[in-house]
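2 protein chains.
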Amino acid sequence: MSEKNNEKITSREVDFAKWYTDVCRVADLVDYSSVKGSMIIRPYGYAIWENIVAILDKKFKETGHVNVQMPMFIPESLFNIEKEHVEGFAPEVAVVTQGGKEELEEKMIVRPTSEVLFCDHFKKIIKSYRDLPVLYNQWCTIVRWEKETRPFLRSREILWQEGHTMHATAEEAKEETLKMLGVYQDLQENYLALPVIVGKKTEREKFAGAEASYTIEAMMWDGIALQNGTSHYFGNGFAKAFGVQFLNQKNELETPYQTSWGVTTRMIGSIIMVHGDDYGLVLPPQIAPIKVDVIPIGDVEDVVEKIEKELQEKEITYFVDRRDKSPGFKFAEAEVKGYPIRLEVGKRDLENGEVTIVRRDTLEKIKVPKEEAVSKMVELFPQIQKDMLEKARKRRDSMIYEASTYEEFLDHTKKHNGFIKTKWCGDEACEVKIKEDTTYKSRCIIQEVQDGHCVCCGKDAKYEIYFGKQY
Amino acid sequence: MSEKNNEKITSREVDFAKWYTDVCRVADLVDYSSVKGSMIIRPYGYAIWENIVAILDKKFKETGHVNVQMPMFIPESLFNIEKEHVEGFAPEVAVVTQGGKEELEEKMIVRPTSEVLFCDHFKKIIKSYRDLPVLYNQWCTIVRWEKETRPFLRSREILWQEGHTMHATAEEAKEETLKMLGVYQDLQENYLALPVIVGKKTEREKFAGAEASYTIEAMMWDGIALQNGTSHYFGNGFAKAFGVQFLNQKNELETPYQTSWGVTTRMIGSIIMVHGDDYGLVLPPQIAPIKVDVIPIGDVEDVVEKIEKELQEKEITYFVDRRDKSPGFKFAEAEVKGYPIRLEVGKRDLENGEVTIVRRDTLEKIKVPKEEAVSKMVELFPQIQKDMLEKARKRRDSMIYEASTYEEFLDHTKKHNGFIKTKWCGDEACEVKIKEDTTYKSRCIIQEVQDGHCVCCGKDAKYEIYFGKQY
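Chains as they are written, first to last, in this note's numbering: chain F, 7 to 477; chain Y, 7 to 477.
Isolated chain F (complex conformation):
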């Protein structure tokens, strides 16, 4: 089917990790840099991020949020104010100690996240109940000094957004935490075509300083989990530590309640690892930078120009591959890059007045009259989007296993990757034992339960919960 680019991609079955980095490189998504642990996001990869940013930014604004920009440096003394938070992040921060050829009097932490900067600012701008809620978001990069890195999944510098909000009541803050989790779920399912499991992190796995952390868990093609977004309810712990207070309607001082929530370029890693195949990337139409790759075969310029014009009118992003290369080379590249549709405009097909639409997700070829090519594609995009989500959901569901005894649990972890749905007593000791025995970590709590037994210790179960290996 294709001739050249494929050689460079390892098969998923042979070595999934190698397949992943091959796709990242061959599809021109990223490049490695001379900066150890940091990646370069190349134009094609960045264009996917730009599309995701545009979708999310619109949703944030529709839900009343505004963007701000905080400094990237945090003075060490400010960073040290909230104890749990410091303990959580200190082992992985980068530190600036010199500025303008001089040793700094106070070290500066390159932000690993910005809770403390927002709290410091909130203290100044929140005076009265009239100032609440404060619904802020920031698009920026953060730094976490990781030892082992992989493109999009784990990198020393990460592109992300971080929402930070303050509310007059705990109820309102909790509502916000779940509302933004819902925005993330909507993004992932309806735009990225990623089926996700949404739940609450255990005490052990929650964010440093949070009262409750909620998570969006996706399962990659190989059955390994990727945490694709988190939303945290802070209670008023940070606000107290930073002395943020407001006068309520009765003119009494109160401490407000806080949330934060974030997603990163890691989601691009999920798109690759959920939808990709041995030919390369497969992009959902909703976030594909180029929806249609038009490949002329022979002298068909007049037909191509008509189609081009129609694509422009319908505002469909496209690329006409007029390069001096063989059709086979171009087909292979269209597959590597994961354009949702490639449109082959060939002399032979045109003798019957036809052109050929090739769906990237199914590789299905559909011949249509040339006049109907664009309207057919318009019809196909939502279908492709839907089919990609369903296909991913089916594969994921086939890799969710249930276990009611520890023997069953261990048996699954030996036989196959995937998520294990089970019950848990809520005791951290059991969570730790499972991790030590199997490397499986708790993904998220789905719900509280009244019946059944903990899969590990056999005592009364409190929660229904997922376990799985993670990236």
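These are calculated hints, taken from the structure and not from any lab test. Please read these numbers as outputs of a predicted model, since none were measured by experiment. Accuracy of the hints is not assured; some may be wrong.
To be verified - Here are the computed distance ranges between Cβ atoms for each label pair:
| id | chain 1 | residue 1 | chain 2 | residue 2 | range |
| --- | --- | --- | --- | --- | --- |
| 1 | Y | Thr411 | F | Glu112 | 28 to 34 Å |
| 2 | F | Gly106 | Y | Lys371 | 47 to 53 Å |
| 3 | Y | Ser410 | F | Glu112 | 49 to 55 Å |
| 4 | Y | Lys64 | F | Arg329 | 51 to 57 Å |
| 5 | Y | Lys371 | F | Lys64 | 32 to 38 Å |
| 6 | F | Gly106 | Y | Lys246 | 26 to 32 Å |
| 7 | Y | Gln476 | F | Asn254 | 47 to 53 Å |
Don't be surprised by glycine CBs; every beta carbon is placed ideally from N, CA and C.
Chain F is fixed; fit chain Y onto it per the hints.
Relative to the frame of chain F, chain Y by itself:
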């Protein structure tokens, strides 16, 4: 005319520097943070930046550029490759020496600009003439460890874009340098309503490592210059230093030619200092986050709702100020925030079927039948935009002085701020003498000349040039 917020703003005539920081603070554009030398860009200020970004990003894409993301850290050894560049930037860089609790083997420079990172990447991706031109842009923040800082003008962390391009020929690279300068001029004149002078920097003032630097110079209300954007032609100096080469059509190795160009949030400083007045900010409609501030006076909800609906239909950004505050307070705030139009919907006016439009730029009040309010505003926006540019141009032109003798030059610098248009021999010694005698620096060379004498040494003049004090 207004009652409260004004008290907080110093008069321009009394203390322009204080006026500027007052406007930045009172209009909620920025806040100071606990991070010395870094500012917080608050939602209203950031929304202006978002509008500028949207305009520029579209223009960059229309001219064939794509966005990428490079790391924010530069290993010291990489930073040290191009000598002039290092000398130019070393005194003001921030340096990371610790990562994840360990001393780093190699220090990391927080990027002050990204030429070296782009060159390092270009070396890997450019192989053949077919790969050229490479037309890249990056939106990011950079760090320069300034001693004295002022909001938007000079800050340790700066939001900006940096274009980096590579071309097969010097001619093409020079053309790109000027094309992007043209994009900046278009942005500043037609969107920010800033009249600008466009020219070439002297050898002394050019960018560290560039062969030629072009600049966009704006004059603030007080006659002081602000460099609002630069575009650099690098020749192939960096490319040689980094070993970037490509095979030309004859299969011979050649070194490509390079450009870079950038603008920053400093432009927001220009908008404030060119258009603002003693009442506060004055925003050009093209980049105002809120174009219309609707102020109901009395119970006029039915009329306001009709107007609101029409504003929505016409996609005009607006805010209805329904807060429990006096009209006077709201008028003052509308002035502070610089909304291009405030629409007063009052019971008394409505008895005659009228509402009052108040232009922020002229403070002119225009009574119109309530049914015509929105269509009148639609008509006024381009007029306001045009009038703001013309008003600024007139003021600037009135502060451009000519000098043909050094006595005249010195006389101007003693009498008034402003630009001095004069002739220069091209000798750095004269440029330095002028700076030492007057603190005036060369702004830019306008053109080469064949006649006249250098204002400083009296020898034959080579250039027509502007001098001025700068922020």
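Comparing the hints with the structure gives:
{"no.": "1", "hint": "Y/Thr411 x F/Glu112: 28 to 34 Å", "result": "52 Å, violated"}
{"no.": "2", "hint": "F/Gly106 x Y/Lys371: 47 to 53 Å", "result": "51 Å, holds"}
{"no.": "3", "hint": "Y/Ser410 x F/Glu112: 49 to 55 Å", "result": "53 Å, holds"}
{"no.": "4", "hint": "Y/Lys64 x F/Arg329: 51 to 57 Å", "result": "27 Å, violated"}
{"no.": "5", "hint": "Y/Lys371 x F/Lys64: 32 to 38 Å", "result": "36 Å, holds"}
{"no.": "6", "hint": "F/Gly106 x Y/Lys246: 26 to 32 Å", "result": "29 Å, holds"}
{"no.": "7", "hint": "Y/Gln476 x F/Asn254: 47 to 53 Å", "result": "49 Å, holds"}
This entry does not satisfy hints 1 and 4, going by the numbered hints stated previously.
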